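Position chain B against the provided structure of chain A, taking the given hints into account.
Residue numbers (my numbering), protein chains in the order written: chain A, 1 to 271; chain B, 1001 to 1259.
These are computed hints drawn from the structure, not numbers from a lab.
Model, not experiment: these values are computed from the prediction.
One or more hints might be untrue.
Said to hold, decoys possible - Partial chain B-side listing against chain A, Cβ under 10 Å, derived:
1) F1051
2) Y1054
3) D1055
4) A1079
5) S1080
6) G1083
7) F1084
8) L1118
9) I1144
10) T1184
11) H1220
12) R1221
13) E1223
14) L1225
15) I1243
Stated by the list, open to error - Have a look at the derived ranges for each label pair, beta carbon to beta carbon:
16) A:E228 - B:A1088: 57 to 67 Å
17) A:E178 - B:A1242: 20 to 30 Å
18) B:R1045 - A:A263: 51 to 61 Å
In this text, a Cβ means the ideal position worked out from N, Cα and C, and glycines have one as well.
So the chains spell out like this:
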Amino acid sequence: MDRLPAAFDQSFSGASEDFPALLRRKGLFQRAPDLNASDGGRSFVPTESTTILAFKFSGGVLVAGDRRATAGTTVVYDRADKVLEIDRHSIMAIAGVPATAWEMARVLEHSFQYFRRTQLQEMSVDGKVRALSKLLRDNFGFVMQGVGVVVPIFATYDSSAKPAARLYFYDAMGAQFEVTDYAATGSGSPAVRGILYYENNWGDKPLQKLNEDEAITVALRALDTAAEGDTSTGGVDRGGKIFPLIKTVSREGITTLPEEKIAQVFKRSVA
Amino acid sequence: MIEEPYRWVEAIANRREYIETQLAAGSPIVALGYGGGILFLTVGRARQKLFEIYDRIAMGAIGHPGDIERLRMIAIELASTEGFTRSAADVSLRRLAHYSLSPVLKSAFEQVYGAPFLARLLFAEVGSQPEEDSFLRVDYDGAIATNGAAVSQTRQHFAVLSATKPSAELMESFLKKEHSASATFPDTIKAAIDAWSVGHMALGEDGAKELPNSAAISKHRQEQLAASGIEAAVLERNSGTAIRYRALSDEEVRSSIGG
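Only chain B is shown next, with the shape it has when bound in the complex:
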């Protein structure tokens, strides 16, 4: 049936709807650039969602654990072999996403007889200055969104990943107001947790449609943090070693914002 072009388009549309439903429960992930590096943060109860990919690259993901694992392995393999045969400086997030991950995801998505990847990925690569940080989101269909590859665009020092589009948009509009690259580390953590709360409140059919006020955000945050753990990691800008990734424990995050 899908030999007919119309059927193919229909099959793709169905598949998109199916994947969106599968992803709908994922807890949002936030990546924020600040003076000391890049902070990744999410709140959850279940499995690990933030991963080290290479010296300066980290990944956050929502979706099916099996698919995330396959994509994570592809990314680590590519980065490691590139870093080994050339040098760590030649490993770049831009190349990793554009030349390797995106085509793999796109062809899996469009080959309607095979299984697509049920995953949405958020990457960040720390540079020597905040202006050189790069953020990049790769979707299940291979679409890529970056923080400012186009010359005309103003650079954003953050990126978000969420299960639904409205949730991601609300998080972005919140961060545009509440976060800048010059923020301190504790302020960055606060902004990240609040942005996560905004995104989380917007999930689901009856989720928030507009940016909630700060009292509502703080109420939601407190409720959620009482029940769930904070998962966070940083890519340090100047750590003195080649490896910049450092996972932060739940206590470490909570104590840095005063509980």
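Isolated chain A, as found in the complex:
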């Protein structure tokens, strides 16, 4: 629903309108062009040149991403943040076109706040998951044009629900898949999925039993492995001392792990 009936436009705008709809009403947010029949035959090549991963561990959910941003075969930036905080208990990690992904994260962040402020209650986890799904669906016209594909992971912690830690990955059309243990997307993800599957089933302990240091170790090893075979994944830049970005979300909220801590674990159990 894009517009409310004109009679209600002024007085009830907040009651049922979500934030993206408000932005569109004010002309501040572009909906992707609709697909027409002639686009039908075009093949769509997913370009998600990065690696992000997330898994549940004993302290909540850990989300990690490498720092490399590429344009074709060129590395354009080596300190990109692909793990973004959306609210106190939600993290979105992005693979795909940064411009679209960061815009999406901004819209999402404001959507949750806007909902809480106007409706005077927190948006439910399902509502949040669905909000991202809708943004992806609305963006699909751009994806088909070959600009703007985004494939995110969404992790959140809701202490009133069971299980409290929730983890989802999405496809480019907006379908959401809830996972029990781990998720990975981006060009380096096949290697990462292999590692996480292996660790979860035959490792020292299942992922959900790992403490924080062990979880960081697994995340760093997985990203380093992905970087080994995928040019678009930065992994760990040993020379430049650039480490992946790792955040955890738990009952207390989101923690960005300090670089020194990651460096320490890296030195001890990865390098």
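For chain B alone, coordinates are given in the frame of chain A:
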């Protein structure tokens, strides 16, 4: 009839009287700046009167719930779109009130064939230091009162909202004596509840005309708190997150002043 200037003035005067009567029952609201942020407080039994507008801005309101809701939505929409298109740092209470709310209220008030807003709003925006806090009251006719926009004026670290002018004035003179920006949180809550009591005692035809003594205030406070709930919220100065608004529960407020 209102084509004649005199009639228009008369219509406006009638309308003002009508609105004042409609607002007369509203429970006062107090906003106090202290070291840790800004405290909003009111006492009541009915609906919610304190609201989060944006990261650093909160609002308290008395009036008709429907009108409050419309104004609240306007404020949230404006702040949210500004914060989204530019940045949270560009959302300012001063601009929100002066450029958007005040003109809307004024034109609704003066267009005598349409309905005015039956609402009086109190806003505060928390800064990084108490000197940067801003307090602002927007009335149903679009009039704005601030805590010290004029250079010569001494800054006040509080603002009040009440149904009647005498009540608001008594609350202000009470707070001038009893509150300073360096107060602790429990002292700030006490001052807020007492200021609310002063304002509440001054409401109505037979309300207090002068500042009551402290025994009378404390008696009134105890009577009221036994029957009603405390609604309070803070805008935290240094919370480590972008969102500074936090609603306080009735128990939280009562326990911080020792029951």
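Taking the hints in turn, this is what the structure says about them:
1. Annotation: F1051 (chain B) was flagged as interfacial toward chain A, and the flag holds, the nearest CB pair being 7 Å apart, inside 10 Å.
2. Given hint, Y1054 (chain B) at the interface with chain A, holds; its Cβ is 8 Å from that chain's nearest Cβ, closer than 10 Å.
3. Contact between D1055 (chain B) and chain A, as hinted, is supported at the beta carbon level, the nearest pair being about 8 Å apart and thus within 10 Å.
4. For the restraint placing A1079 (chain B) at the interface with chain A, the shortest Cβ-Cβ distance is roughly 9 Å, inside the 10 Å limit, so the hint holds.
5. Given hint, S1080 (chain B) at the interface with chain A, holds; its Cβ is 5 Å from that chain's nearest Cβ, closer than 10 Å.
6. Annotation: G1083 (chain B) was flagged as interfacial toward chain A, and the flag holds, the nearest CB pair being 7 Å apart, inside 10 Å.
7. Interface hint status for F1084 (chain B): upheld, as the beta-carbon distance to the closest one in chain A is roughly 5 Å, under 10 Å.
8. For L1118 (chain B), the suggested interface contact is broken, since its CB lies about 14 Å from the closest CB of chain A, more than 10 Å.
9. This hint is violated: I1144 (chain B) has a C-beta 22 Å from the nearest C-beta of chain A, more than the 10 Å allowed.
10. Interface hint status for T1184 (chain B): violated, as the beta-carbon distance to the closest one in chain A is roughly 26 Å, over 10 Å.
11. The restraint placing H1220 (chain B) at the interface with chain A is violated, with a minimum CB-CB distance near 30 Å, outside the 10 Å limit.
12. The interface hint given for R1221 (chain B) is violated, since its Cβ lies 28 Å from the closest Cβ of chain A, which is over the 10 Å cut-off.
13. Against a cut-off of 10 Å between C-beta atoms, the interface hint on E1223 (chain B) is violated, since the closest Cβ of chain A lies about 30 Å away.
14. The beta carbon of L1225 (chain B) comes no nearer than 24 Å to any beta carbon in chain A, farther than 10 Å, and the hint placing it at the interface is violated.
15. Proximity of I1243 (chain B) to chain A holds as hinted, the smallest CB-CB distance being about 7 Å (cut-off 10 Å).
16. Distance hint check: the CB atoms of E228 (chain A) and A1088 (chain B) are about 40 Å apart, inconsistent with the given range 57 to 67 Å.
17. Roughly 28 Å separates the CB atoms of E178 (chain A) and A1242 (chain B), a value that falls within the hinted 20 to 30 Å.
18. Judged by the Cβ atoms, the range 51 to 61 Å given for R1045 (chain B) and A263 (chain A) holds: they are separated by roughly 57 Å.
Against the hints set out earlier in the document, violations occur for numbers 8, 9, 10, 11, 12, 13, 14 and 16.
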